[in-house]
Amino acid sequence: MGAYVIRRLLGAIPLLIVITAVVFSLMQLAPGGPLAVYGENPHLTAEDLEAIKVAMGLDKPPVIQYLYWLKEVIQLNFGHSLFTGRAVLEMIGERIPATLLLMTVAMSFSLLVGVILGVISAIKQYSKFDFSVTTLAFIGYSLPPFWFGIVLMIVFASTLQWLPAGGFADYGQEGNPLNVLSHLILPAAMLSILQIASWSRYTRSSMLEVIRQEYIRTARAKGLDEWSVIVKHGLRNGLIPVVTVVALSLPSLFAGAIMTETIFTWPGVGRLFFDALTKSDYPVLMAILTISASLVVIGNLLADMIYALLDPRIRLS
Amino acid sequence: MKSTKSKLVSVFVTALLMTGCSPKGEPPVASSPGKPIEGGTVIVQEQQEPDALNKAISSMMVSTNVLTALQGGLVTYDDKLNYIPDLAEEVPTLENGGVKLDGEKMVVTYKIRKGVRWHDGHPLTAEDVAFTHSVYMNPKVKVISREGYNKVERIEIVDSHTVRVHFKQRFAPYVEMFDKLLPKHVLENSPDINKDPFNRAPIGAGPFKFESWKSGDSITLAANPDYWRGKPKIDRIIYKFVPDENSAFVQLKSGGLHVYQHAAITQYQALKRLPGVTIYETPAATYEHLDMNLEKPYFQDKRVRQAIAHAINKQEISKYIFKGLWEEAWSDKSPLNYHYNPAVENRYPYDPELAKRMLDEAGWTVGRDGVRVKDGQRFSIKISTTAGRKPRELTELLVQHYLKQVGIEVAIDNYPGAILFGPYPDGHLRGGKFDLALYAWVSPVDPNNLNLWHSGAIPPNGQNSVRWKNPEMDRMLEAGLVALDREERRRIYQRAQAILAEDVPMIPLLWWTNLDVASSKLLNFKPSGSANGNFWNAHEWQLTE
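Residue numbers (this note's numbering), protein chains in the order written: chain V, 1 to 317; chain A, 1001 to 1545.
If you are wondering where the hints come from, they were derived from the structure by calculation, not from laboratory data.
Any given hint might turn out to be false.
[Stated by the list, open to error] The following label-pair restraints were derived from C-beta to C-beta distances:
(1) V/Trp147 <-> A/Glu1409: 31 to 41 Å
(2) A/Gly1034 <-> V/Glu174: 48 to 58 Å
(3) A/Gln1048 <-> V/Tyr171: 14 to 24 Å
(4) A/Glu1361 <-> V/Leu143: 53 to 63 Å
(5) V/Phe274 <-> A/Lys1140: 22 to 32 Å
(6) V/Ile139 <-> A/Pro1139: 55 to 65 Å
Please read these numbers as outputs of a predicted model, since none were measured by experiment.
Beta carbons: idealized from backbone N, C-alpha and C, even for Gly.
Use the sequences and the hints to build the structure in full.
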């Protein structure tokens, strides 16, 4: 198993290098670039612009810029932002706690609720419960997230005034878990409603397939109680496809959710990425994309390992 | 219970309306101000987060907003666009002897206010002025604009509180310089100003001190008890980064914000119905305009450009898209500006019939499909603006409609800001790839705009994207740069505005009206329409009970 993991990780390195090269080229090809933000300044002269270009290191050919970047990354240094002049890892690092908190809370909650709803829907297929869950799932899935976020905000923050309308915590209350929690509820709810809808659908269809299998009939025939049949024999197999989807959403734990973070002014990585994107802040974009790509690789690997745990027939070698 | 239910229904309706149109409004509820109190925190919305809290290297409005309350400079201006001394004892002029001419050269003497200290207690002296200049001229610092600083020959420190700036040549906009000072004792040994931690936690001499910057969330400033005008009446300003305008609305409503700056025009009616807030409608020094690329064959004939100016109904654009709040623009100088030329007003009243006759005279005759033709070429052009900016996209549709009325076919060709404003030669404007372009310029308090209209400022050299060449205009812009007599300078720029109006390389459309909304508990909030922002008098702000 250990050798397998190491082999897989080493094998991913060339892949990641290719990915970064492609992403870097795409950024270079995109018109505009980091100097465009200065274009709306009527005082900007050609000399000033040229000086800024040199100070940013953008006067060198793109291939050289990429090689410089790669050399730094091998030493785990993602460089400095073109605009803030700060170390990129420091900028990302200070956003990670907020993003991780929001994403793990939303994901665990929606997984828990989604899987339970999905399993019950599958067992009671075509019942009133199943129809209601299905209908709600489709509604939840079709809601435009930005609109739903605003509705949550208007209901709970503006009209009922139960919860704050945005931010991470009130002034001076960052260390108070209850205050942070009150700020967390609305954005987490906005994210969860979509995820619950999709998890419940995945679980339902996967479970439906499993509970029609011969071994489930055998388990029942052996006289096992319904709980053991569903949870031990059914759910364990039914979760395999769900695990893939969950493992593949690992990068989103890091990258955050741009729209939710924007609406609820949550200080996460998603907004950092979006800001960097609008300014073409290459070092910040490259760092976030490279880390995300690495997490996709790791997520895939994790999924394979969890398969082996869930299904003894799968052997990793 | 019933009321909660109906409230919730109305909430859903409001949510629908907020993402689309807004309902018919009622007059705002006036609330009587309570008793003024000492202290308290004012939370202000900012749409963006600063890149660096250093005016030398940041061109963002939010950086200006924070630094105006924090840093302080020699001279600044108020909400009426008058220059006022800040850390200098007076604004140096020819009249008061602060400016002396020596042939082609010029010397400006600043007397620095005595007893002013930086937030760390270090006295502010003439050395800091000289140091600020050295930062602006350091080639390794990615300075946004060295305008003026690059015309300084040397800086003479007369005594600890007097500094003489020797200019190589006369430079009338000298008063715009040194609007934010940098502390020498903190930065003189910095290996790289672009990356210095100072940009994230600056030290200034203004009414508020830096307290904290939480990435993605807010910047907090605390009152400076040693401020030279006296301790501010509020304890704290929090600049909260709220990028989404709907969120800003709800946060304002639920009391999470005291000030919502530059509110969306679509929220106007809904804002008017909010209790406990005051809407400040401030005429801004920013104008939307329609640029014509003079290198394109269609626009080389002045009569065509004038005809287009007559074909556009500015009032109707304001009425349909900007609730009638934005005023018609006739010049590149704001009517609030001392140098404004009122004679250019109504130079091109809306008159489609006249426009048609002028196009006929210019040889563009109406073809079979209703589109004008000259020498076998159809008058079919493109208009470009910032994609995704709703009011501009709507304005474009109206322009398209007006020009169709006079036989000009216009296709929409929009680009994201990064491409539209991108650098030469790929940028749509700089690269001269546009026919018509719709965007805005800020009209600075100082009238110098050589970089916009001088024939030597055609990209890549400057921002003359319309590629206008007019020898008389060039002469005016050169003369305006060195004219130090206030009246003479006004005459020069009034003439320049007349030339601009006659030649119309660019049609001014509308002056922005800023909608700033503030809690009625905030006193002395005096928004400014200039590029200096709303914080010029933050030391006077006060809260009521």
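Hint by hint, here is what the structure shows:
no. : hint                               : verdict
1   : V/Trp147 <-> A/Glu1409: 31 to 41 Å : 37 Å, holds
2   : A/Gly1034 <-> V/Glu174: 48 to 58 Å : 30 Å, violated
3   : A/Gln1048 <-> V/Tyr171: 14 to 24 Å : 20 Å, holds
4   : A/Glu1361 <-> V/Leu143: 53 to 63 Å : 58 Å, holds
5   : V/Phe274 <-> A/Lys1140: 22 to 32 Å : 30 Å, holds
6   : V/Ile139 <-> A/Pro1139: 55 to 65 Å : 60 Å, holds
Hint violations for this structure: number 2 only, all remaining hints satisfied.
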